[in-house]
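Undergrad: So you can see what is in the structure, the chains are spelled out below.
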Amino acid sequence: MSTATASGPIVALKNVTKTYQQGAIEVHALRGLDLVIEPGEFTAISGPSGSGKSTALNLIGGLDTPTGGSVQVEGHDLGALGRKALSDLRRDRIGFVFQAYNLVPVLTAAENAEMVLALQGVDDKTRRAKVTALLDQVGLQGLADRRPDELSGGQQQRVAIARAIAAQPAIVLADEPTANVDSATAEMLLDLMERLNQDLGVTFLFSTHDPRVMARAKRLINLVDGKVDSDERRDG
Amino acid sequence: MKISTLAAMAWRNIWRNRRRTLVTLASIVFGTFLAIMLTGVGDATYGSMIDTAARMGNGHVTVQHPMQVQAPAPKRFISGTTALADKIKADPEVKHVSARIMGQVMLAAAGESRGAGVIGIDPTVESKDTLSALGGISEGKLFGPDDKRGIVLGADLARHLGVKLGRKVVFTLTDRHGEVFSGLARVRGLIHTGTSAIDGGLCLLPISVLRKALGYGPDDATLLAVLVTDQRYAAAVSKRLMPLANEQRVVLTWHQTLAEMSGFIDMKLSGAAFMQGLMMLLIAAGIFNALFVSVMERLPEFGILTAIGWRRSQLFILVMLESLWLALVGIGLSAVVTALPYYKLSTDGFSIADQLGDGAEIANVMMDPTMYVRIHPENLALIVLAVVTATLLSGLFPAYKAGSVNPVDAIKLV
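Sequences listed follow chains B and G, in order. The first sequence stops at residue 620 when you use the numbering used here, and every number in between is there. The second sequence stops at residue 415 when you use the numbering used here, and every number in between is there.
Next comes chain B alone, as it looks inside the complex (with noise of 0.2 Å):
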C-alpha cells in the first residue's frame, strides 16, 4: 500500500448508507452519513447505541462495504480496492484498538506489539528496537517479555496501542477502547493517546459511549439514527 497522500483528508465519507438485514427486519445502521478526519485529529464519535458509532469506524477500517456512499482513506475509494488491497491498507496505513480480545494470548507483549511490523516484513532486528521503545513510550518498561494473561487490562490496552502505532498508520481506529477498564485505567490510557496525538501527531477517531472520552476529545461528533446530529470541534 502506498504511503499517505501529500495533503487532504485521512477520512472522508460521503453520503454513506448502510443497511443491514436482521431477519426479517432492515436495519438502516447509517443513513447518508458525510465525515471528514484530517491529519491530527482527536475525534471522538458518541451517540446511543444502534446509532451507527461503530458501523462507521467498520466502514472506515475497510472492515465492512458500504449498501451506498463512498469511504475514501487518504484518498483511496475502498469501495474499488480489492480484498489483499485493503488487508494492505489496515496493515499499513490503520490501527485498531478494540475494548477487548485485542492481543495474541500466545505472544509476548513485544511480540503483539511488533505483529503489524513483522506482517510488513520489517526485520527482527529493527522491529525489536522499534517495539522496544515503544512500550517504553506507553510506559510498559521491563513488561516486554509477559504474556496478556501476566498483565493487567490496562496494560494490555496499552500493548494493543503500541502495536496499533508501530507501524505509524495514518489513524488509529479505536472502539469503545476504555470500556473494559477502572476509571484509573482509562484516564491512564486518555493521557497516554492524547500524549500521542500531540507529541508524534497520531490521529485518533473513538467510536464510545465513555463521557471521560467524550470531555478529552478536541472534536465530538454525535450520531443519531445514522447522521451526523452535532459536530463539536474544542480548541486547545
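Just so you know, these hints were derived from the structure itself, not from any lab. Careful: at least some of the hints might be erroneous.
In silico EDC-like links for lysine to aspartate or glutamate, alpha-carbon gap of 20 Å or less [to be verified]:
#	chain 1	residue 1	chain 2	residue 2
1	G	LYS3	B	ASP508
2	G	LYS169	G	GLU140
3	G	LYS413	B	ASP520
4	B	LYS398	B	ASP609
5	G	LYS76	G	GLU248
6	G	LYS3	B	ASP476
7	G	LYS413	B	GLU560
8	G	LYS3	B	ASP472
9	G	LYS3	B	ASP507
10	B	LYS398	B	ASP613
11	G	LYS413	B	ASP507
12	G	LYS213	G	GLU248
All values reported here derive from a predicted model rather than from experimental measurement.
Once you have looked at the hints, place chain G on chain B.
TA: Coordinates of chain G only, in the frame set by chain B:
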C-alpha cells in the same frame, strides 16, 4: 510474515488447551501404534510364510512350461536350464537358482503303496536354505552327489509304507512319453517338519535319477526355482526375467504358482488395510474435532488479526501449521511409545503356540508358532504419510473457516 514466525505461533497455539492437545496426541499415538503393530505382524508373518512356501519347491519366481500350473505333466518341461540359470543369477536380487523336477510318484514297499509328491534335486546345490524339506531331515541324511539309489521320505510317508532307514522302496512314475517307469531306491533319510504335505506326502530323489526315469536330457527340468533376496522383489525380478519367456516357458511369481496362499494373504491384507483406513478415519475425526473447536473458540481473535492486516491465506496457513505440528509431535511420540514394544516383539516375538494347538497350516505352509513384528520400511513410511495426510486433511476445513472469518461478525463476538 515469515513462515518461521507463523510456525512458532502455531506451535504455541496448539498448547493453549493442553488437555485437549494431549487427548488429540494420544489418539494419534494409539492409532499409529496399532497401525505399526498390525502391519508389522502382517509383514513378518506373511513374509515368513512366503519365504517358507518359496523354499518348499517353486521358489519366489519360477521358470517353467506354460501349462505346468494348470495341467502338470512330465511332458511339460524346460530345456537348457544351466544357461538359463546363469542368466538369472546375473540379476542382483537373485539369491539362488535351482533346476528341479517336481511331479508325482507311486511308492511301494513290503505290500504297502502310497502316492506322493516328488522333487528331484541336485544335492550339490541344495540346502535347507533353498529347500525347506532338507531342514526337516531328522533321521539319516540327504543322498550324496554320487548316490544313484538314494531316496529321502517324509517321516509319516515312511511309516505308512512301513519302511525305515536303509530299506528299499520302489518308485513308479509315468515318463514324458506316457510310459511307466519303475526304479528301486534305498531310504537314506526321513523328514519331519510338522507339515502334513511334506511329512506325509513328499519324497526327494536325485535329479539325475528322475531325468533318466522321465526320459529328460541332462539339462532338462520341470522348473527353475528362483529365490530372491527379499520376497517383496519377486514381482520386479520376474519382470526383469520376462525376456527369458517364450512359447516353451513362462516366468511366474509365487502369486501365480501359490495362488491359494496368495489369495489368503491378499484377503488378510485387504482386511488389515480396511481396519487401518478405519483407524486413520478415527484419528482424523479426533484431530478435526480438536482443531475445529479450537478455531471456533478463536474466531474473535481471527477477526482482530484480519482487522490489523493479516491475510486470509496467513490465517489458513497458521491453522494448517497447527495441524502439521500435531502430526509431527504425534508421530514423534508414537516413535517413542512404539520403540520398546516393537524392539521386544521384533527380536523375541510372542508365542501363539497355545492358539495353534498341534499346528496350523495355510495352503500347506506351516505357521510359525512364534509371531514377530517386523514392519517393512516402505509400510512404515506409508503409515507416517497416512497420519500426516489424515492430520492435514483434518485441518483443511478448520483452516478454511479461520481464513474466511468476517472480521465484523467475529469482533462482535468479543
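Undergrad: Are the hints correct? Go through all of them and say.
TA: Hints, verified against the model:
no. : hint                  : in the structure
1   : LYS3(G) / ASP508(B)   : 10 Å, holds
2   : LYS169(G) / GLU140(G) : 16 Å, holds
3   : LYS413(G) / ASP520(B) : 31 Å, violated
4   : LYS398(B) / ASP609(B) : 17 Å, holds
5   : LYS76(G) / GLU248(G)  : 15 Å, holds
6   : LYS3(G) / ASP476(B)   : 17 Å, holds
7   : LYS413(G) / GLU560(B) : 12 Å, holds
8   : LYS3(G) / ASP472(B)   : 16 Å, holds
9   : LYS3(G) / ASP507(B)   : 10 Å, holds
10  : LYS398(B) / ASP613(B) : 16 Å, holds
11  : LYS413(G) / ASP507(B) : 33 Å, violated
12  : LYS213(G) / GLU248(G) : 25 Å, violated
Violated hints, listed in ascending order, are 3, 11 and 12; each of the other numbered hints is respected by the structure.
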